[in-house]
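Engineer: Given the coordinates of chain A, assemble chain B onto it according to the supplied hints.
2 protein chains.
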Amino acid sequence: MINYKTVLQGSYYTAIDENQVGHQANSLVCINDEGTIARIVLAGDDDYQVIVNDAKQQGTLVSLSDDQVLLPGFIDLHVHAPQWPNSGLALDRPLYEWLEEYTFPLEAKFKEAKYAHLVYDNLVETLLANGTTTALYFGSVDNTGNLELVKSCLAHQKRGFVGKVVMDNPEQTPAYYRDESATAALNETENFIHEVATLNENQTIPVTPVITPRFLPSCTDDVLAGLGKLAAKYDLPIQSHCSESDWENGYALTTHGKRDATVLDEFGLLTDKSVMAHGTLLNGEDIQRFKDRGVGIAHCPISNVYFGNAVLPAKKLLSENVKVGMGTDISGGYDPSVYQNIRQAIMSSRLLNDGVDSEITPDLRGKHDAAITAKNAFYMATVGGAKSLNLATGQIKEGYIADLQIVHAKYPTFGQQVPEDTFEKLMYQTTVSEIDHVMTQGVFVK
Amino acid sequence: MINYKTVLQGSYYTAIDENQVGHQANSLVCINDEGTIARIVLAGDDDYQVIVNDAKQQGTLVSLSDDQVLLPGFIDLHVHAPQWPNSGLALDRPLYEWLEEYTFPLEAKFKEAKYAHLVYDNLVETLLANGTTTALYFGSVDNTGNLELVKSCLAHQKRGFVGKVVMDNPEQTPAYYRDESATAALNETENFIHEVATLNENQTIPVTPVITPRFLPSCTDDVLAGLGKLAAKYDLPIQSHCSESDWENGYALTTHGKRDATVLDEFGLLTDKSVMAHGTLLNGEDIQRFKDRGVGIAHCPISNVYFGNAVLPAKKLLSENVKVGMGTDISGGYDPSVYQNIRQAIMSSRLLNDGVDSEITPDLRGKHDAAITAKNAFYMATVGGAKSLNLATGQIKEGYIADLQIVHAKYPTFGQQVPEDTFEKLMYQTTVSEIDHVMTQGVFVK
Numbered sequence: 000m001i002n003y004k005t006v007l008q009g010s011y012y013t014a015i016d017e018n019q020v021g022h023q024a025n026s027l028v029c030i031n032d033e034g035t036i037a038r039i040v041l042a043g044d045d046d047y048q049v050i051v052n053d054a055k056q057q058g059t060l061v062s063l064s065d066d067q068v069l070l071p072g073f074i075d076l077h078v079h080a081p082q083w084p085n086s087g088l089a090l091d092r093p094l095y096e097w098l099e100e101y102t103f104p105l106e107a108k109f110k111e112a113k114y115a116h117l118v119y120d121n122l123v124e125t126l127l128a129n130g131t132t133t134a135l136y137f138g139s140v141d142n143t144g145n146l147e148l149v150k151s152c153l154a155h156q157k158r159g160f161v162g163k164v165v166m167d168n169p170e171q172t173p174a175y176y177r178d179e180s181a182t183a184a185l186n187e188t189e190n191f192i193h194e195v196a197t198l199n200e201n202q203t204i205p206v207t208p209v210i211t212p213r214f215l216p217s218c219t220d221d222v223l224a225g226l227g228k229l230a231a232k233y234d235l236p237i238q239s240h241c242s243e244s245d246w247e248n249g250y251a252l253t254t255h256g257k258r259d260a261t262v263l264d265e266f267g268l269l270t271d272k273s274v275m276a277h278g279t280l281l282n283g284e285d286i287q288r289f290k291d292r293g294v295g296i297a298h299c300p301i302s303n304v305y306f307g308n309a310v311l312p313a314k315k316l317l318s319e320n321v322k323v324g325m326g327t328d329i330s331g332g333y334d335p336s337v338y339q340n341i342r343q344a345i346m347s348s349r350l351l352n353d354g355v356d357s358e359i360t361p362d363l364r365g366k367h368d369a370a371i372t373a374k375n376a377f378y379m380a381t382v383g384g385a386k387s388l389n390l391a392t393g394q395i396k397e398g399y400i401a402d403l404q405i406v407h408a409k410y411p412t413f414g415q416q417v418p419e420d421t422f423e424k425l426m427y428q429t430t431v432s433e434i435d436h437v438m439t440q441g442v443f444v445k
Numbered sequence: 000m001i002n003y004k005t006v007l008q009g010s011y012y013t014a015i016d017e018n019q020v021g022h023q024a025n026s027l028v029c030i031n032d033e034g035t036i037a038r039i040v041l042a043g044d045d046d047y048q049v050i051v052n053d054a055k056q057q058g059t060l061v062s063l064s065d066d067q068v069l070l071p072g073f074i075d076l077h078v079h080a081p082q083w084p085n086s087g088l089a090l091d092r093p094l095y096e097w098l099e100e101y102t103f104p105l106e107a108k109f110k111e112a113k114y115a116h117l118v119y120d121n122l123v124e125t126l127l128a129n130g131t132t133t134a135l136y137f138g139s140v141d142n143t144g145n146l147e148l149v150k151s152c153l154a155h156q157k158r159g160f161v162g163k164v165v166m167d168n169p170e171q172t173p174a175y176y177r178d179e180s181a182t183a184a185l186n187e188t189e190n191f192i193h194e195v196a197t198l199n200e201n202q203t204i205p206v207t208p209v210i211t212p213r214f215l216p217s218c219t220d221d222v223l224a225g226l227g228k229l230a231a232k233y234d235l236p237i238q239s240h241c242s243e244s245d246w247e248n249g250y251a252l253t254t255h256g257k258r259d260a261t262v263l264d265e266f267g268l269l270t271d272k273s274v275m276a277h278g279t280l281l282n283g284e285d286i287q288r289f290k291d292r293g294v295g296i297a298h299c300p301i302s303n304v305y306f307g308n309a310v311l312p313a314k315k316l317l318s319e320n321v322k323v324g325m326g327t328d329i330s331g332g333y334d335p336s337v338y339q340n341i342r343q344a345i346m347s348s349r350l351l352n353d354g355v356d357s358e359i360t361p362d363l364r365g366k367h368d369a370a371i372t373a374k375n376a377f378y379m380a381t382v383g384g385a386k387s388l389n390l391a392t393g394q395i396k397e398g399y400i401a402d403l404q405i406v407h408a409k410y411p412t413f414g415q416q417v418p419e420d421t422f423e424k425l426m427y428q429t430t431v432s433e434i435d436h437v438m439t440q441g442v443f444v445k
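Chain order of the listed sequences is A and B. Numbering of the first sequence is given in numbering that gives the first Met the number 0, commencing with residue 0 and proceeding in unit increments. Numbering of the second sequence is given in numbering that gives the first Met the number 0, commencing with residue 0 and proceeding in unit increments.
So here's chain A without its partners, still in its complex pose (with noise of 0.2 Å):
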């Protein structure tokens, strides 16, 4: 008799490539006491019932209802933290009036341990809540709130990679919310490193720390080398912005004379372990460049819309095997829900196919052959997340950890359905209230 810590038994869906999706009903997952998946049972394999038996007379044994399904928990890549109080609040003003009058007088207020407990703890709930098992953070400037972020990782057994922004560039930050300067920015990185590792000591999902430069305009040339170097010292994931919008965009060519993409790659700061969030506005040879380097995307499609100037080419890179996750870029976003910007990936995908203004023609009006699935979609939330990240999570696989959601119907389905019709109800329709209970590393944690 083999000892699982977990059975979970029912119907999963878990991608299998960037354009299907598999199904299993009525299966094993079989989890074991480190929060791997030890082994996949099908309904009709041979031990099926003796692994049922077992489980029962252990107590292990979870069997999900008849409307229930299991699905990979949700990897967002792009979330700023101490934005969330602003999640749809000034969406209609411009970027810099969103930076100045918004967002940065918000993050500053994150020196203050106990509101920044406050808010972290809800964001880290309410992230979960919402079937996110995994986020990538920007934290703020300052290593008070930031530390408060990754106790809030650690409490609720999220699995998060949080990152001290850095910002030192005197001529596009303001003065009461940057760091003093480069040399200042490179200590108070290195020292979140090291806190980080103190406080994750004895835990179950270590929080990884994320060399974070917030984007190119906020940061010196100095800050940008010191920082590459950081993230070889210490084989560090690195997070930024790139070619956000046609602003930022413009930016480097201005500056710098080069791409944005050319200039974080010169600094060491676009390798296999970089997500770079947005990226509507890069061209044939940047793409090239972060494929060449391993380099993920965070697709944030809701707060694309907003300040991204053009919808991300999503179809053309998962062709391209470019990696592209999910974000939902809290607060540029106003949605922590992943399976919101599914939807709006899905969406934007499809103006960007067929076009938006109905006084050109037709032929001209779209890309063509941009439009991407619920399954494209599902697949970037999920392995498109886990290989940004390079994590084995994302799929209901064998080896890989049991970072789960179960989830049921929102609406009758009013008589019989087939499950691919199943699979793209849940894509289009489910919210925080269907989503009945959030495993990460094996552990129940909603």
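Hints are computed from structural coordinates only; laboratory data are not their basis. Any given hint could be a false lead.
Said to hold, decoys possible - For lysine to aspartate or glutamate, the following EDC-like pairs were computed, each having C-alpha atoms within a straight-line distance of at most 20 Å:
1. B:LYS409 x A:GLU433
2. B:LYS232 x B:GLU194
3. A:LYS314 x B:GLU358
4. A:LYS409 x B:ASP120
5. A:LYS55 x A:ASP45
6. B:LYS314 x A:GLU358
7. B:LYS409 x A:GLU124
Said to hold, decoys possible - Take a look, some chain B residues computed to stay more than 12 Å from chain A by CB distance:
8. ASN25
9. VAL61
10. SER86
Even glycine gets a Cβ: it sits at the ideal position worked out from N, Cα and C.
Structural biologist: Then chain B, alone, in the frame of chain A:
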């Protein structure tokens, strides 16, 4: 002492015009026995406390909690009621396949009263739960199902406008799902009008029958002419689709040598009681015609992404004083929530404004001055819908019908928040779970 049926005490938001939203804190919305807002008493008014005390004594005071606000109920101008079981399905199929394989077979099932009752009762309840107090429905070809829809509206006290769908053109409709002839279609339409009148007897909120040619391709000229006459004879609202897609737009030009809107107009189907769905491909001449006739447009932003081939220029239409309301277009749209359509209306308008294709230079990429705000979209969901249906509702205003919703913020504020911020967060984040109560004509129905 004046006896009000209900006095709602709390904050409210209501659209003043397409650009402005009014807000009052701690006001009294006094509703009389007819379900009309008889008086609005503001916090500073002389008799405020007297009215509060009287209402308390009579047990008619309903005080909102600090985090609740009162909003007008939403008006959904376009719902295909029999497509409800398919919401969220098959959206990546081309229109023709979507109709032939998914939509027509499902709609044909509504000749069974039992099935129709099951689906429609759930739909009507779902829309009410989502804050939609009025809906304009396409039924199906068969009146058995249509009368079940009328009964569900009456049973749930939902303000319903229901049409028997007419489609008699054998070239564009399947044999198993069409009117037998133009004469049969017209007789059935007239029967439906009479049967609705019978069901309406002694009902507080009668259902309005609606003249409903499905769209130009599915109708013969004979039936269109006859429907125009019936609309005039009974002075009834009219609904159809107009210039929804390149295909539909092109159909009229090919078969009639005229614009879609011109053909409908010539058959007497464009009046100040007409609501035309989508209109994404309307040209300047069509829009002028809509304005001249007083036709309303059902803006269905989610559905338009899948089937509209372009983005409705809502800002332009609003600035030209064309009537525009919101529609969910179940199941061309996947979501029964008008809130979700408000969000997509904003997002699609931003993509129209900025453009979608990063390979086009910024100055040529978008349409510019096309982005709408949350306030514009809220106006469409309330006042725009009410104007399109010629209803004295959609605003919190003396003399208007009390179709209202009481909602609370989804997430904590983490501190002070100005009313404008609260409004934006409500528009961006409200789901069915945050809608605490819904009232139609002064009666709580949720």
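Engineer: Now, for every hint given, state plainly whether the structure supports it.
Structural biologist: Structure-based check of all given hints:
1. Between B:LYS409 and A:GLU433 the CA atoms are separated by roughly 16 Å; this keeps the pair inside 20 Å, and the hint holds.
2. Using a Cα cut-off of 20 Å, the hinted pair B:LYS232 and B:GLU194 holds, with the two alpha carbons roughly 16 Å apart.
3. Of the supplied pair hints, the one linking A:LYS314 and B:GLU358 holds, its CA atoms being roughly 15 Å apart against a limit of 20 Å.
4. Of the pairs offered as hints, the one joining A:LYS409 and B:ASP120 holds, with about 16 Å between alpha carbons and a cut-off of 20 Å not exceeded.
5. For the hint pairing A:LYS55 with A:ASP45, the CA-to-CA distance comes to about 17 Å; that is within 20 Å, so the pair holds.
6. About 15 Å separates the Cα atoms of B:LYS314 and A:GLU358, which keeps this hinted pair within 20 Å; it holds.
7. Simply put, B:LYS409 and A:GLU124 have alpha-carbon atoms about 14 Å apart, close enough for the 20 Å limit, and the pair holds.
8. The non-interface label for B:ASN25 is consistent with chain A: the shortest C-beta to C-beta separation is roughly 23 Å, beyond 12 Å.
9. Once the 12 Å rule is applied to beta carbons, B:VAL61 is consistent with being away from chain A; the minimum gap is 25 Å.
10. Consistency note on B:SER86: stated as away from chain A, yet its beta-carbon is not over 12 Å from all of that chain's, at 7 Å minimum.
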